[in-house]
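A.B. asks: These protein sequence lines are chains A and B, in that order.
All the letters of the first sequence, read from the start, carry residue numbers 1 to 111 under our numbering.
All the letters of the second sequence, read from the start, carry residue numbers 1 to 117 under our numbering.
Hints listed in this document are in silico derivations from the structure and should not be mistaken for laboratory results.
Each residue gets a CB set at the ideal place from its N, CA and C atoms; glycine is no exception.
Please note that a few of the clues may not be correct.
[Unchecked claim] A few chain B residues facing chain A, derived, Cβ under 8 Å:
id	residue
1	F28
2	T32
3	L44
4	L46
5	T49
6	I93
7	E97
8	T103
9	D104
10	T105
11	G109
12	P110
13	G111
[To be verified] Simulated restraints on C-beta separations:
id	chain 1	residue 1	chain 2	residue 2	range
14	B	T103	A	T26	18 to 24 Å
15	B	V3	A	T26	29 to 35 Å
16	B	P8	A	K52	39 to 45 Å
17	A	I39	B	A72	29 to 35 Å
18	A	N53	B	I12	45 to 51 Å
19	B	K14	A	L51	45 to 51 Å
20	A	S28	B	G16	42 to 48 Å
Single-letter residue listing:
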Amino acid sequence: DAKTTQPPSMDCAEGRAANLPCNHSTISGNEYVYWYRQIHSQGPQYIIHGLKNNETNEMASLIITEDRKSSTLILPHATLRDTAVYYCIVRVAVGNEKLTFGTGTRLTIIP
Amino acid sequence: GAVVSQHPSRVICKSGTSVKIECRSLDFQATTMFWYRQFPKQSLMLMATSNEGSKATYEQGVEKDKFLINHASLTLSTLTVTSAHPEDSSFYICSAEAGGGATDTQYFGPGTRLTVL
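Just need the whole structure built from these sequences, with the hints factored in.
C.D. replies: Spelled out as structure tokens, the structure:
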């Protein structure tokens with residue numbers, strides 16, 4: 001069963017902020033929200049993860065709603081190299097839990 | 001971030017031969033590694049979970065005798081595709097779990113593209 005729902009595709013102008021939404025209405029209390037991206041013909045790249053507080057690192061920001069049923073990944077200044085498929089995944093963060101990939105969002109950065 | 005390597009990056013083999021793919025965690029130890037397969041225009045599908053020093057756990061529908069997994073050390077797991085056939089042609093990706101903190105994170109290798117003629 002899919003635990004997350006993402007739009008299949010999005011476009012964003014180069015230099016603008018890219019906001020990628022994800023719905024996870026059945027998330028459990030001990031599950032984290034993880035974001036990965038996959039550039040064509042490469043392995044997935046870890047971006048960020050969070051439980052309930054907003055998180056920021058050098059790549060992106062993660063905004064999680066108070067009820068934790070949805071989140072948004074923000075790439076503050078998108079570049080052409082950010083063109084990729086972005087995956088939102090929920091999972092327990094300890095105990096070597098597997099990642100279940102959905103279909104993700106294909107983000108295209110427009111010059 | 002943690003680095004995971006895979007070797008080879010690309011392999012072409014004849015039908016009926018076996019192919020071994022290596023997955024290494026370069027700057028951390030991983031008691032658990034995962035093997036995924038990705039067909040064109042599809043998402044990653046987990047094949048098996050590899051645990052150091054014990055037998056791998058295979059997902060439903062994955063033949064354990066065809067896809068042999070060995071996790072002999074905390075930094076190396078290998079996947080051997082035995083008696084490969086054209087339908088085994090795919091992109092094989094491994095990941096390694098980096099823990100030790102409050103949460104665990106999986107880091108992925110660059111992938112191995114297997115083409116079986």
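A.B. asks: Against chain A, run the beta carbon of T103 (chain B) and see if the smallest gap drops under 8 Å.
C.D. replies: holds, 4 Å
A.B. asks: CB of I39 (chain A) to CB of A72 (chain B), is that within 29 to 35 Å?
C.D. replies: holds, 31 Å
A.B. asks: Tell me if the interface restraint on T105 (chain B) is satisfied: Cβ within less than 8 Å of some Cβ in chain A.
C.D. replies: holds, 6 Å
A.B. asks: Go through the hint on L44 (chain B) and say holds or violated, using the shortest Cβ distance to chain A against 8 Å.
C.D. replies: L44 (chain B) check passes; min Cβ-Cβ to chain A is 4 Å, inside 8 Å.
A.B. asks: Under the criterion of a CB-CB separation shorter than 8 Å, is T32 (chain B) in contact with chain A as hinted?
C.D. replies: Given a least distance of 4 Å, the restraint on T32 (chain B) holds.
A.B. asks: Should the interface hint for G109 (chain B) be scored as holding, given a Cβ-Cβ cut-off of 8 Å against chain A?
C.D. replies: At about 5 Å, which falls below the 8 Å cut-off, the nearest Cβ of chain A leaves the hint on G109 (chain B) intact, so it holds.
A.B. asks: Mind checking the CB of T49 (chain B) against every CB in chain A and telling me if the closest is under 8 Å?
C.D. replies: Check passed: Cβ of T49 (chain B) comes within 6 Å of chain A, closer than 8 Å.
A.B. asks: Could you tell me whether the CB distance from T103 (chain B) to T26 (chain A) stays inside 18 to 24 Å?
C.D. replies: For T103 (chain B) and T26 (chain A) the Cβ distance comes to about 20 Å; the hint holds.
A.B. asks: May I ask you to test the interface hint for E97 (chain B) with respect to chain A, counting a Cβ-Cβ separation under 8 Å as satisfied?
C.D. replies: E97 (chain B) check passes; min Cβ-Cβ to chain A is 5 Å, inside 8 Å.
A.B. asks: Does the Cβ pair S28 (chain A), G16 (chain B) satisfy 42 to 48 Å?
C.D. replies: holds, 46 Å
A.B. asks: Using Cβ atoms only, decide whether P110 (chain B) comes closer than 8 Å to chain A, and label the hint accordingly.
C.D. replies: Nearest chain A Cβ about 5 Å off; hint holds.
A.B. asks: Taking 8 Å as the limit, does the beta-carbon of G111 (chain B) come near enough to a beta-carbon in chain A?
C.D. replies: Check passed: Cβ of G111 (chain B) comes within 5 Å of chain A, closer than 8 Å.
Against the hints set out earlier in the document, a violation occurs for number 1 only.
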